[in-house]
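Generate the whole structure from the sequences, applying the supplied hints.
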Amino acid sequence: MDVISMSDFDETGIYSVLDAVDQVRKALHDHEYNRNVFQKKHNRPVEKLLEGILEATLFVENSTRTNFSSRVAAMRTGAMVDGFSSIENTSLTKGETWADTAAMFACYGFDVLVMRSTTEGLPRWTKEFVSNTNQQLKEQYSKAGIPFNYRNPMIINGGDGRHQHPTQCFLDLRTMLDIGNIQNIPLRGLPIALLNDIANSRVHSSIISVAPTLGLELHFAAPGRFGPRESQLEYLKAKGATFYNHGDDWEKAMRSSTIAIHSRPQKERVGKGEDLRTIKEWGCMTAERFQKLANQVPYLLHPRPVDSALFEEIHYSLRFHDADWSLFQASNGPYTRMA
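Numbering (this note's numbering), first residue to last: 4 to 342.
The hints are simulated quantities; they were obtained by calculation from the structure and are not laboratory data. It is possible that some hints are incorrect.
[Claimed, not checked] In silico DSS-like cross-links for lysine-lysine, where the CA-CA straight-line distance does not exceed 27 Å:
#1 K97 with K146
#2 K44 with K29
#3 K130 with K146
#4 K240 with K255
#5 K43 with K29
#6 K242 with K255
#7 K29 with K51
#8 K295 with K255
#9 K295 with K283
#10 K255 with K283
#11 K141 with K130
From a predicted model like this one, the values you see are computed outputs, not experimental measurements.
Dropping the structure here:
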């Protein structure tokens, strides 16, 4: 199955992925579990789970976590991986279309294409195009009397504009579930604060899209134009989701939540404006601000990168704070992409 949008998954499908994440991380870190449980369930050890699979990472937008955790996920499970992390060393700089670039990887027999794009909706379009490419190749090989067994590549969306980032959403949900287990609280009804640049964050967009399915209780807080888009609020209303828009009152949103998911202002998508300066003061989380929350401090998550040069959404004073679980969150990335 392709991983293009969270809207393609129902509740059962989501929990099956979250369970698989737990299985692969246990198998990686516990040899006895790998040998006695994982191998019996999957007929192979975790290190050979994807043996023989070819994965390509096709990134036209910069990435550290999604790119390299996808690559390490492939290598940890016995797959082979290659690709590009920018357009500089590809024929896209010569005027080649994205369609022809993606088609080449289908022609070369890659089984999985992990792609990141600035264009919303491009992963689903790419799936249709490479499917047609694969079918054309089958027909041409058949006419030439030559066997052909390359599969139609699976598409994994590593982020398309401000639309979706499903593998990030899965690792966020796995982290929420882990924290919920510590507190003995299920995901359904779990109060989540979405902070800072909600309007332009594909991470927040993905969580919003799945909130009605999982029964998450959302608390929004952001300054000015960075708040949730009207279309997002209308979607939640239509789905009967529970949500509260606290305007720019970040403190109220955080006090109302078990988990707060902060975000980087998406300066590459929002353009210039005076509020890009003021959002730094609003959105910089420090140990001092957390101290004011007393016993109502939520667990803090952040998809990263933290823009320390300009906004410093998570101040260094929180780097080893008990409430900052963003590093644990990031560590779930490879397990999720293995799953």
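Hints versus structure:
| no. | hint | in the structure |
| --- | --- | --- |
| 1 | K97 with K146 | violated, 32 Å |
| 2 | K44 with K29 | holds, 13 Å |
| 3 | K130 with K146 | holds, 24 Å |
| 4 | K240 with K255 | holds, 21 Å |
| 5 | K43 with K29 | holds, 14 Å |
| 6 | K242 with K255 | holds, 24 Å |
| 7 | K29 with K51 | holds, 15 Å |
| 8 | K295 with K255 | holds, 12 Å |
| 9 | K295 with K283 | holds, 19 Å |
| 10 | K255 with K283 | holds, 18 Å |
| 11 | K141 with K130 | holds, 17 Å |
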